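Peer 1: Join the two chains, each given in its own frame, into one complex according to the hints.
Just so you know, the sequences run in chain order D and E.
Basically my numbering = 1-based index in the first sequence + 15.
Basically my numbering = 1-based index in the second sequence + 1160.
Since the hints were derived computationally from the structure, they do not count as laboratory data.
Careful, some of the hints might be misleading.
As the list claims (entries may be wrong) - Lysine-lysine pairs mimicking BS3-like chemistry, simulated, CA-CA at most 25 angstroms apart: (1) K172/D to K1183/E; (2) K457/D to K548/D; (3) K174/D to K1187/E; (4) K1183/E to K174/D; (5) K72/D to K174/D; (6) K1183/E to K531/D; (7) K1183/E to K548/D.
Remember, it's a predicted structure, so these values are computed and weren't measured experimentally.
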Amino acid sequence: MSIESLFLSPVYLPMLGAALILVTKHFFTDRQRRAVEYLSALIAFIIPLIAFIFLIKPVLEHHQVHMILGTWETTLGIHYHFDGLSFLLIMINLLVSIPVWLYSRKTGPHQETFTIIFLIQSASIAATSLTADLFNLFVCLEVMGVTSYVLVASSEKNKAILSSFTYLIFSATAMVFFLIGTFGLYRISGSLAYDTIAQAKNLLSGSDLLVARLSLVLIVVSVLLRTAVIPLSGWLVGAHSNAPHAVSALLSGVLIKIPLFALVRLLLLVTGTELLGSILAWAGGISTLLGILLALREHHTKRLLAYSSVSQIGYVVTAYGLALASGLETEEGALLLALALLYAFSHALAKATLFMTVGRACDAVGSKDLHVARGALSALRAQGERFPITGIAYLVAFLSISALPPTIGFWGKNSLVYLSKGHGANYLLSITSVFTIVAYLKLSGIFLPRKNQETQHVEPSSTALTSLSLIFLTLLLLAGGFWYTDLQTFVVQVLSPLGATNATLTSYSALQDLLKTGLTTTIALLLFFIGSKTRLERYFEARRESTASFPNLFFGFALMVAVMAWWLLFPGGAL
Amino acid sequence: MVIERILIFLLALIGFTAIVGAKNIIKKVFGLNILNAAVVLLYILEGSRIGDQAPILGEGITNMVDPVPQALMLTAIVIGVCVTALALALAVRLYKATGSLEIDTISERLRSEH
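Chain E on its own, in the form it takes in the complex (with noise of 0.2 angstroms):
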């Protein structure tokens, strides 16, 4: 469990790197997929700590994993796909108002409009 869980903070570490210093707009919005990736895993083996079958009840399946965690994150990666859409329509907006995707380019651009 110890190993996962250090892949699983490093995972998370990644993508906050890129959303804090991607100057790039898509990598942050790569950065936060990859960050809420990191999440989901993270659910879904505290999931597995009880048991190591998949929840779907059947003959002579017992030890079943917790099946809560997987549902919540049923709705969190929906959310997610919701969030990733919303920010990459806002990404090519502004890319056709500035012509760049670079985070400082795009706010230098802005600043004259008024």
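Pulled out of the complex, with its shape left as it was, chain D reads as follows (with noise of 0.2 angstroms):
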């Protein structure tokens, strides 16, 4: 079989699946519709991920491939390329995508065209990793977009369709700027392929290279507002928190992702991007600390949880820029890249987690109210789950996201703050690690025992592919901090062609870190129970829900496309 159609699959299956369904939707019977939905899953995680299970070999050779849709002439067809980037970003997808599919049978949302709209919005991710085209790159954006907007609706809320609109016309709104981007750069080199245009901008000069600067600019930020880097990132907290949890759990692990990392590979092209690279930097320090801080002040599971996602994007983008801004030729550069990489895989697997096990345990208890809720574990026992894997998952995900072993989230926070160090965005990450400890304990409160117990009698129900999701996630948030340094071996030197030819790691160990990391806990520790005894929390506390304006969200766009000038102005300038 050929390099082609293997590594097309992860987008061609699930659209075969989504059509499988679509067809049979209208012929068949229950039962039998059931059983499509399960062979259409099954043709679209499973094949794929067997299908790159034989490409490792070829990636790790760095064998890439870059082929033209159809057989169009290199001027007009639509280029993709194969690498380890888009091999590494499609892995993270399935390996979500899957438990989250299998949790969302149990959980819900019931309707069948959820599984028809989750499998398009797996095809669009993938798409979106192999393309290295312009404008095909605003086309998955779209597909993503549309088909995120469709699942957050997919609530029984009726919040979730406001938020939901909110998101669509606020990102949509940022897609047209994208669209005035695109036209800039292909007005200059008159491609839209990613090469094409990065030779045309690096021969520029004068008022065409400020042109393409600014077509630049505003890609990047449309691409930002999907990454939620504040102050993009009022569209995320109602989205997520209002959507169903498997939904939250996929938007929130993977789905802000992808476009970041997608945008790589224009950047990577492009040259004098330093000074954008530490602008990017600045803003996800600034995410990580202000997303907890704001986290803090939530009462409210699910969005405690999705302001969490802010802050942990935060860590990504500075990992991102810092690369940028050293330069991925660089082996320092290259690190970071990797290491942003390898975090995000971190993160997606434990808020996938979160998201899941806090959904279902604030089912079982009947409340998302941090100061109500108590008692999950008992009330999940009685529900049937003889053996307390929610709470054992939750506990995994915590140690993963507060950055305590033995979970990957220790190992790829701590070499991502060590790497760093020397920018000032480093100051704020460190600090962000005692708030991050905080917050979790806070939200732990729901697993905390109930005071007066009073249980009410549910029917028991059968919970095996809710809990076979849940132990496939947390077997890989610990197998990823077991077999931590093979994996970042693995990344780095899949990543290689991509920058430095031959980075390799720095010797550093984050168990000699361990120090640091008892002193992060002791003071988060500190700080919880001095909060908690005082009461001192309920001042802090956010009186009632802010829902996000549509003149607060372009206030943020127009912020960051002015923060961004600084690059137009001084594109020279240190910062």
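Peer 2: Given below as structure tokens:
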């Protein structure tokens, strides 16, 4: 089998699966349709996963494929590029999508269209990771966007519809600016393929260069909106907290990171992006701290998790920005990019697990308010969960996101913070680590036993699929921690053709930093107990749920463009 | 070319103002469409810099416009229609749930829901 048909399978097969469900929708009985759904999921996820396992060897040998869809000539056709980056991105998507889909079987949303949209979204994620054509990136991002608006709105709550509408209008407007950026680059280079654009841009000077930079800024800001960096994150909290649990897990875990890394391909080729990278690093650093502080104010479980996503994505963006700032051809830059990707992976696993376990716990308790919700473990037992898998999965994800051993997050965050030393954003990251632990300790309250125990009788139900998905994610989190060094070597090796040819890992060992982790944890515990004993936290608590207003959202957008203008005016300046 | 560009810019501005400022959610969707139309016109105008004939090969056609922007905009228009349809569907559901199309009233009425 040719390598092309293998790496395109995550694009084509989910589409095939979605079509299968649509075709059989009106002909089969309920039972048969259910079977078709499972068959489609098998086609859409398992076959590409097997195909990608076969692709590990070519990827490790730096075998890259550059192809043009159809039989068009170079200037007209759509370019696809398969290499280590797209391999890793699609792998992340598959590894998180499979447990999320299994989880959704039990917890919903129960509409049949859910699986269809879910599969189309998976295809668009794969296409976004593979494309090397600016307009095709636009189309992929729009497909990804439209599917996620539908998924958010598939919740039964009316609030979710408003969140989805807000997200739609904001993101669709940003995509218009993306188109304007594409227009600017097409005008200058007469092409839409990344490499031709980059060649043309690197030769420019004077006002043409300014236009090219402005276009690039519009594209970067529109993509950052999908990534939800502060000040572009206003849409995220509503959308991710009101969506069904499975959808929240996928959106927060995978969807916000893919556009960011898809953009690497373009930024990699363009010269003079050092300052842009530095701006990104600062935006990421500020996001981490502000995000976690906002999360601390929340007492609604899923809103807390959503704000924490803003904070966590900040780590990824900081590492990504620093990688650009030091240049991907340098050893440090290549390493930072690898770490950004690894951290994105570790956060995807942890946040998906958190949304799934906390969602399940809240459903069992019947409340999402942290002041009220208690006794999730016994409530889950009453629902027929004999072995407390939800509690254990939550504990492991909690350790990972708080950067405590023995999980993947411990290694990931510590090496990331270590490598970012020397840049101001590093301090922001270190401070955030403390607050992250405090926020998650607060969230853990739902698993504490209830004081006056009254067990309402619930019909016990089978939870095999849910448990399976949680076990899968938990094992990945632990295995990632156990074999972290090997994993990191693998990622660096796979990504190396993008940047420095032989980036080797610095001899940093997170274990030596255990002291620092201990210190962070101690401070966090202290803060948490002071906070809960003195009831100090109640002063800072969000009084009413804030919904993002449109003027605020677009103010954030304008602010980000304005900050980026620094790069336009003083491209050589330091920051 | 200058006058056309100013007009397109004004059109975009109208759309953008409606998206940000309008209270009515249907007007917001209209604004999105107007903004989209402005960008479509911008691409088409740009494509016509190098010629003035429709890009269909035939006898004696020499100075064609650039066909690529036109092809791109076909796709963009289709995507715009999809997004509009979805936005209107959501607007209908919001209206059914709250009985209002004003964004402030909607978020006020939904706030009490848990």
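Peer 1: Would you mind marking each hint as holding or not holding in the structure?
Peer 2: Status of each hint after checking the structure:
For the proposed pair K172/D and K1183/E, the alpha carbon gap of about 22 angstroms is at most 25 angstroms, so the pair holds. For the hint linking K457/D to K548/D, the alpha-carbon distance of about 12 angstroms falls within 25 angstroms, and the restraint holds. Among the hinted pairs, K174/D with K1187/E is consistent with the structure: their alpha-carbon atoms are about 20 angstroms apart, no more than 25 angstroms. Restraint check for K1183/E and K174/D: satisfied, since their Cα atoms lie roughly 18 angstroms apart, inside the 25 angstroms limit.
The suggested pairing of K72/D with K174/D is violated, with an alpha-carbon distance near 47 angstroms, which exceeds 25 angstroms. For the proposed pair K1183/E and K531/D, the alpha carbon gap of about 51 angstroms is over 25 angstroms, so the pair is violated. Between K1183/E and K548/D the CA atoms are separated by roughly 44 angstroms; this puts the pair beyond 25 angstroms, and the hint is violated.
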